[in-house]
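Enquirer: Quick mapping for you: the protein sequence lines, in order, are chains A and B.
Residue numbering for the first sequence is 155 to 252, as defined by this note's numbering.
Residue numbering for the second sequence is 155 to 252, as defined by this note's numbering.
The hints are simulated quantities; they were obtained by calculation from the structure and are not laboratory data.
Idealized CB from N, CA, C, for every residue including glycine.
Mixed in with the good hints, there may be bad ones.
To spell it out: a stretch of chain B is covered by chain A in this simulated footprint if at least three of its residues, at any positions, have a beta carbon under 8 Å from a beta carbon of chain A; those stretches are [what the hints assert, rightly or not]: (1) 166 to 178; (2) 194 to 205; (3) 209 to 218; (4) 223 to 236.
Here are the computed lysine to aspartate or glutamate pairs in the EDC-like style, where the Cα-Cα straight-line distance is at most 20 Å [stated by the list, open to error]: (5) A:K209 <-> A:E247; (6) B:K209 <-> A:E247; (7) A:K209 <-> B:E193.
Pulled from the structure, derived: some chain A residues nowhere near chain B, Cβ distances all over 10 Å [stated by the list, open to error]: (8) D163; (9) T165; (10) A177; (11) C189; (12) A234; (13) P235.
There are 2 protein chains.
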Amino acid sequence: MVTELAHIDITPGHEADFEAGVAAARPLFLRAAGCLGMELLRGVEHPSSYRLVVKWARLEDHTVTFRNSADFAEWRRLAAPYFASAPAVEHLESCRLE
Amino acid sequence: MVTELAHIDITPGHEADFEAGVAAARPLFLRAAGCLGMELLRGVEHPSSYRLVVKWARLEDHTVTFRNSADFAEWRRLAAPYFASAPAVEHLESCRLE
């Protein structure tokens with residue numbers, strides 16, 4: 155399992171538009187091959203700064219399959235108009251702590 | 155509920171030391187007032203880059219109560235020797251997407 159962590163800064167004043175776009179795009183993620191869930195977090199100290207957190211079964215489910223799908227283009231159509239800059243996307247793996 | 159997201163870069167070569175320190179510190183977080191869970195994520199693209207994710211009932215459970223506790227000092231004693239730089243800590247709230 156891999157966590158996609160996307161840091162997305164929104165043009166101030168367009169937070170509600172962006173959140174509506176993410177809500178509209180949510181089914182596109184949830185039906186994607188290998189997508190295990192997604193959530194959107196909003197900054198307390200920086201309210202125009204968001205994190206999109208998507209859980210994928212395998213890295214390639216995001217980087218290859220989803221990014222080359224029509225649903226990815228639709229996600230960007232819904233959300234990208236409100237991006238203040240290009241999102242910074244990383245992938246992370248859970249560490250065992252026991 | 156508030157998510158603490160700490161970006162922690164580790165001196166390369168000390169990843170296993172750091173992960174052992176976080177594992178040793180895990181009970182300190184889990185017994186803290188208002189702590190609802192914690193996990194450690196490690197970067198796929200940047201394997202010396204971690205995210206500590208801690209869920210708190212209220213912002214002040216982290217910023218006031220935990221940071222002023224002896225357990226916070228112990229957490230730093232366990233983990234800070236491996237920090238490559240000061241952690242960047244933010245707090246975020248979940249957005250409703252339905």
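Enquirer: Which earlier hints turn out false for this structure, listed by number in ascending order?
Expert: 3, 4, 10
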